[in-house]
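*Asks:* Residue numbers (our numbering), protein chains in the order written: chain A, 9 to 351; chain B, 227 to 478; chain C, 3 to 401.
If you are wondering where the hints come from, they were derived from the structure by calculation, not from laboratory data.
Glycine included, C-beta positions come from ideal geometry on N, C-alpha and C.
Incorrect hints may have been included.
[As the list claims (entries may be wrong)] Going by beta-carbon spacing under 10 Å, a handful of chain B positions derived as facing chain C: (1) E254; (2) P328; (3) D334; (4) F439.
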Amino acid sequence: MDQFILQILNGLDKGSAYALIALGLTLIFGTLGVVNFAHGALFMMGAFCAVTLSRLLTLSHTIVDETRTDFLGNPLKVEVPYLYDIFGESLGASIIDWAVPLSILFAIPIMIGIGVIMERGLIKHFYNRPHADQILVTFGLAIVVQEIIKYYFGANQIPTPAPEAFIGSFDFGAVVGIEANKIIYPYWRIIYFLFAMLVIAGVFAFLQFTTFGMVVRAGMADRETVGLLGINIDRRFTIMFGVAAAVAGLAGVMYTPINPPNYHMGMDFLVISFVVVVVGGMGSLPGAVLAGFLLGILESFASLQAVIEAVPGINQIIIYLVAILILLTRPRGLMGRKGVMED
Amino acid sequence: MGILEVKGVGKRFGGLQALGDVNLSVAENSVHAIIGPNGAGKSTLLNCLIGKLIPDTGSVTFEGQSVLGRTPYEICQMGISRVFQTPEIFTDLNVMENMLIPCFAKRDGAFAMNAIGSVTSQAEVQDKAMQMLEDMNLADKRHMLTGSMSRGDKRRLEIAMCLSQDPRLLLLDEPTAGMARADTNNTIDLLKQIKEERDITIAIIEHDMHVVFSLAERITVLAQGTPLVEDTPENIKGHPKVREAYLGESVD
Amino acid sequence: MFGLAKKDANLLLIVAGLVMLAPFILNPFPGESAMAQFNAGYPDLMQRFVIFGIFAIGFNLLFGLTGYLSFGHAAFLGVGSYAGVWMMKLLTINVIPAILISTLVAGIFSIAIGYISLRRSGIYFSILTLAFAQMSFALAASVLTPITGGETGLQTALSDPRILDSASSGGNIPSPAIFGMEMRDSAELVLGGWTFTFNVGYYLCAVVMILAFYTAIRIFRSPFGLMLRAIKSNQQRLNYTGLNTRPYMLACFVISGMYAGLAGGLMVSMDPLAGAERMQWTASGEVVLMTILGGAGTLIGPVLGAGMIKYFENIFSKINESVLHQWFAFMPDGLEDVIVAMLYPFIGKGWHLTLGIVFMLVVIFLPGGLVEGGQRIGAMFKRKAKADDKSSANVEPAE
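Go ahead and model the full structure; you've got the sequences and the hints to work with.
*Replies:* Next up, the structure:
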């Protein structure tokens, strides 16, 4: 039983990331009809927003501490972040400690900006081109973004820790009143899950309860008609692209403590996210979220020792296997709408 | 016994009875039109005839063989060719290549692994395609990309492609929809000419009464998913039930 | 000639000529000169040019003709590589069986994958092929280690049975050969400052590549090729023309997979080591880049694209900061530093960035790739020439 719960929990954080990326991917596909191979790059850029902010916050100048000496006996040189000078040592230190959550505020405008620029500058011109062209140009863009990041940040993973308060694990079993000491779960993962739920709820509420969202949903259902009504759907779609970029970016920001970012993390996630979108159903937002969590959890179950012993290698391929089965038996995906790219 | 027999065909989409109990017999070497107001089930019936939809009840037979459950290419191999509402041709290819494809299909069947012989060296197929283009007055346009042709020429080419397979039944779905008057008349003349020159049965689904009455020998009027009457054009013109079906729609 | 139209026969002869004379053409600079680093006429790189050329020709048969974008073609190359190494381990170090079996095994593998993937078209097809390739990669790198050598890769060893070969050659792992001639054997020709290398392995690959190119031309011009182009243009009409598109697609997919397997077989014939990373989707992406860059749907495009990418990968990427400083040493120091700093991200290790940008530009502005670019430039000159003609030949009556 507790094994079972533990595996579900283990699947949640990856599932959250899949769900968030797939959500944005579907949003773009559903509204703009564009297959965005650069979406993984947006996720990765989000993660590097966190890296950038924590670097900015730790910008330092050197002072000489006369009271201490280094091993040669000279006065010790100490790097002091500018933040200490501004906010004092204790507040400055905790700001630096909280760099990752703070990056959320930093990342939202940047990611929306990147999204809007991408849509206006590039994607817009590909609405009427074949899907193969869209795949190709965004694939090229993904390579370019990836290489730029690699140039500035290097090829290695960059550790970006969570705030100290959330490092470590807690006893999930004891919290929910099962057996103690059986289900130990890291704090940050549960936070990531809650954060993902919050973002997903936010996106759905935005689409459900605002007029803006209503128009976008109508546009997803039937683009031409909404256009005929005289609503400037193109501008709304631009904003939607920005939102989708922000969602992917936020997923990336918060993922940094779980998996230190490197330049090709976007591509790694992209392939799976596409599979998630297909399983959920092209153009279905709830489908994307559902499939994201489902596949995340499935992957974690397939990694159980007993399962691997029974079916060697299953943990590596379970997601693809599910995708193939779904595509062949239910081409529309779990919750896909009729008529949306069925063949 | 007609070449195409439709017996008791019914089709339901959810709560909507698209086709009731349709019985229809298309006589060999005749021109048979199916008309009816919007929503009468014309398209559904057509889709049942060409294997796109499988009816819930009833049977459709062509020359005594059932067409139900067969794929479009099998039905075509049986001898039924279809002309679409908007001309469906290969727009990236030139006129000659468009013409060659059905000619190869006629010679080689549904699949032939003819990967080494060159297209230009297959003289009989080349000749046949060229002949067909000449018959259809398209020969001088044979190097043209079809995407840039006029609507009337596209239609002409599509019909030529269908005919090159020597079908025994030609199904036309509103062949003049969206055409200018001149193009419409050209198409009517073309179909008349085909009728005279070949042993072919033509079934036509049409909106435009001008087209129907210039071509058809028999007319079936479809309304609300069931055939209302079937008769010669002269009798259909004055038929009270037909007036009701059409006028009832337009007066409201 | 060879059952080809004159234009195609000329193209074939040009390609054959270029490939055969590549050791000269790719070595234009004397070995001692500063420009020698741009020479590409060494066996290792030339082999890669033609092998990836074959891979891209095969990919283009699928994508260029039918428009089906496979994102998993590297899987076939990988499978072919493994099959080839196994032949050299079990049967004989002679490369001929290895190459044949590679092609065959990749063909069988692509029947299985194609049969399933081709039930869908468009982006679903892309994702299905991607999923299959990633699955193959994951399995090859983990559970299939006994067959694939896992992450270290599969290679020949001294203890291999090699049942057809006589007693092994004195304690060394035998090197792949064709009837006694080792792939790594080379003849050298020294002319003044130039050294030209003629390598057995390269010429084997070159001959295979010319044959592969010839076959591709025949397929392009055949009724089968016409049907494939019709599939790209209008699948619905084709169905209603009495053609069953599925066997056409499957046949095309399998041929394309066999080309990839052939490339894999040649790859291990040159260097008998096959690793799982060869199957990763980035490798599949690479052949997509090659084909599009050169010009999808054209005969020569994929070969050009493959050559260009491999050239840049191996030559461009070697230019480092100090080389740049040398080049611009004639400039004032400040300006030199600025220029070097501006260029540096795009070359050396950053050549992928250049590749990505060029690729995007091609997709946006030149969907027909380098070939279309060439045609446009050609047309420009022709028009100019015509205009000149007209102005000088006013007396001539109009047509």
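*Asks:* A separate judgement is required for each hint: does it hold in the structure or not?
*Replies:* Status of each hint after checking the structure:
no., hint, result
1, E254, "21 Å, violated"
2, P328, "5 Å, holds"
3, D334, "7 Å, holds"
4, F439, "28 Å, violated"
The structure fails to meet hints 1 and 4 from the earlier list, while all remaining hints are met.
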